[in-house]
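Novice: In short: position in the sequence shown from 1, add 122, done, that's our numbering.
Derived by calculation from the structure, the hints in this document are not laboratory data.
Careful: at least some of the hints might be erroneous.
[Claimed, not checked] With a straight-line cut-off of 30 Å between C-alpha atoms, the simulated DSBU-like cross-links for lysine-lysine are: (1) Lys-385 to Lys-414; (2) Lys-385 to Lys-264; (3) Lys-414 to Lys-174; (4) Lys-332 to Lys-385; (5) Lys-366 to Lys-385; (6) Lys-414 to Lys-387; (7) Lys-264 to Lys-373; (8) Lys-373 to Lys-385; (9) Lys-373 to Lys-414; (10) Lys-264 to Lys-174; (11) Lys-332 to Lys-373; (12) Lys-373 to Lys-259.
[Claimed, not checked] Pair by pair, the computed Cβ-Cβ distance ranges are: (13) Asp-371 to Ala-260: 20 to 30 Å; (14) Gln-391 to Asn-158: 39 to 49 Å; (15) Lys-259 to Asn-158: 15 to 25 Å; (16) Gly-278 to Glu-407: 36 to 46 Å; (17) Tyr-377 to Gly-223: 40 to 50 Å; (18) Ala-354 to Asn-158: 17 to 27 Å; (19) Asp-201 to Asp-371: 19 to 29 Å; (20) Asp-202 to Ala-260: 33 to 43 Å; (21) Ala-341 to Glu-243: 20 to 30 Å.
We put the beta carbon where it would ideally sit given N, CA and C, even for glycine.
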Amino acid sequence: MSAADARRTPESWREELDQFQALGMDLLVVSAPFVNDAMPETPEGADADPLKGFFDEADRRSLRVFINTLFTPDWWTLDDPAPEIARAEVTIRNIARLYGGRPSFHGWYVPYELYVFWDREADLIRTLYREVALRCKAALDKPVMISPFFILDQAGVLGDFRWAAPEEYQEFWTGMLRQAPVDIVALQDSGEHLSYYTLEDRRPFFAAMKAACDAAGAALWANVETGELLVASPEDYTARFGAKTHVNDPKTVPYWRGVPAEKLKDKLQFAGAFTDTAITWGYQEYIRPASKPTAQALYESYRALGLAAKDE
123 MSAADARRTP
133 ESWREELDQF
143 QALGMDLLVV
153 SAPFVNDAMP
163 ETPEGADADP
173 LKGFFDEADR
183 RSLRVFINTL
193 FTPDWWTLDD
203 PAPEIARAEV
213 TIRNIARLYG
223 GRPSFHGWYV
233 PYELYVFWDR
243 EADLIRTLYR
253 EVALRCKAAL
263 DKPVMISPFF
273 ILDQAGVLGD
283 FRWAAPEEYQ
293 EFWTGMLRQA
303 PVDIVALQDS
313 GEHLSYYTLE
323 DRRPFFAAMK
333 AACDAAGAAL
343 WANVETGELL
353 VASPEDYTAR
363 FGAKTHVNDP
373 KTVPYWRGVP
383 AEKLKDKLQF
393 AGAFTDTAIT
403 WGYQEYIRPA
413 SKPTAQALYE
423 SYRALGLAAK
433 DE
């Protein structure tokens, strides 16, 4: 969310959430950096509620909201995790103060998204996950969610990333989850967000994360992404964007799209073999009717899937 969302009318939120629920969704992960402007020690922040309109409507609808604890830019480069832990603690306490009494505030989202780390970075993320999740639990004992990803680019087309086989991936995440009070792992299903990867390409990593969650007592959810970069093959990617070009390079921007409805249906069916709960990245950017001129047609194609039929 942006600061402009804090100024939206109740009618605007009703329309927004009507559209959201019409697709059968009832859970939101909210990122609102501006909530830290409403600190109790400032005159303008003592009684402020930047998301009152949103939470009033979310409460009325019995939606579930996870709130993002935010992060320092380039957090993975930190030599000392202490400043980031201290920053997170301030944010967590402020979120608890503002929204702890809201029925729709269901849990915390700790936003350090990664694949596998080694050596110094592995020590850093173990500390961050553990200490930030502990502070979430201390402030309000609600579920803590994370959303890691996996990399399928073993050949290094997208960059010189160290690759981990599914077995190493499972070992890393089993150890990670056993030492941090994380309740939910919403595994991103699209690796590098590239459209040419198949569901079968993804299966070994879903199985590995499912095993890690089972071993650590965490719940596996799926982050079934509804945004992707339209590319036919690794060769097509290299020809169009150049070898070692990151997927988020500005030159790729015109080629991102919302996932077609039939492909979404297949992705949900695939995820259903591992979990009965899915969230999505991509709705706000590509599917939400107000996001762009092309979104309305795609949104209507999602509605036609009948995902909300059981709730009507």
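Novice: Just to be careful, I want the Cα atoms of Lys-414 and Lys-174 compared with a cutoff of 30 Å; is the pair within it?
Specialist: 26 Å, holds
Novice: In this structure, is the beta-carbon distance linking Gly-278 and Glu-407 contained in 36 to 46 Å?
Specialist: Given about 27 Å between the Cβ atoms, the range is violated.
Novice: Range first: 15 to 25 Å. Now tell me if the beta carbons of Lys-259 and Asn-158 are that far apart.
Specialist: 20 Å, holds
Novice: With 20 to 30 Å as the target window, see if Ala-341 and Glu-243 comply at their CB atoms.
Specialist: Because 26 Å falls inside the window, the suggested range holds.
Novice: Lying within 20 to 30 Å: is that true of the beta-carbon distance Asp-371 to Ala-260?
Specialist: Violated, at about 40 Å.
Novice: When you check the alpha-carbon spacing of Lys-264 and Lys-373, does it fall within 30 Å?
Specialist: Answer violated: Lys-264 to Lys-373 is near 40 Å, above 30 Å.
Novice: A range of 40 to 50 Å was offered for this pair. Does it hold for the Cβ distance of Tyr-377 and Gly-223?
Specialist: 44 Å, holds
Novice: Starting from Lys-414, check that the Cα of Lys-387 is at most 30 Å away, please.
Specialist: Distance ~22 Å between Lys-414 and Lys-387 Cα, so the pair holds.
Novice: Indicate whether the distance between the beta carbons of Asp-202 and Ala-260 respects the range 33 to 43 Å.
Specialist: 21 Å, violated
Novice: So the hint says 39 to 49 Å: do the beta-carbon atoms of Gln-391 and Asn-158 match that?
Specialist: 40 Å, holds
Novice: Taking only the CA atoms, is the gap from Lys-264 to Lys-174 under or equal to 30 Å?
Specialist: It holds: about 20 Å lies between the C-alpha atoms, which stays within 30 Å.
Novice: Regarding the pair Lys-373 and Lys-385, is the alpha-carbon distance no greater than 30 Å?
Specialist: Holds. Lys-373 to Lys-385 sits at ~25 Å (cutoff 30 Å).
In terms of the numbered hints stated before, the structure departs from hints 2, 7, 11, 12, 13, 16, 18 and 20, listed from lowest to highest.
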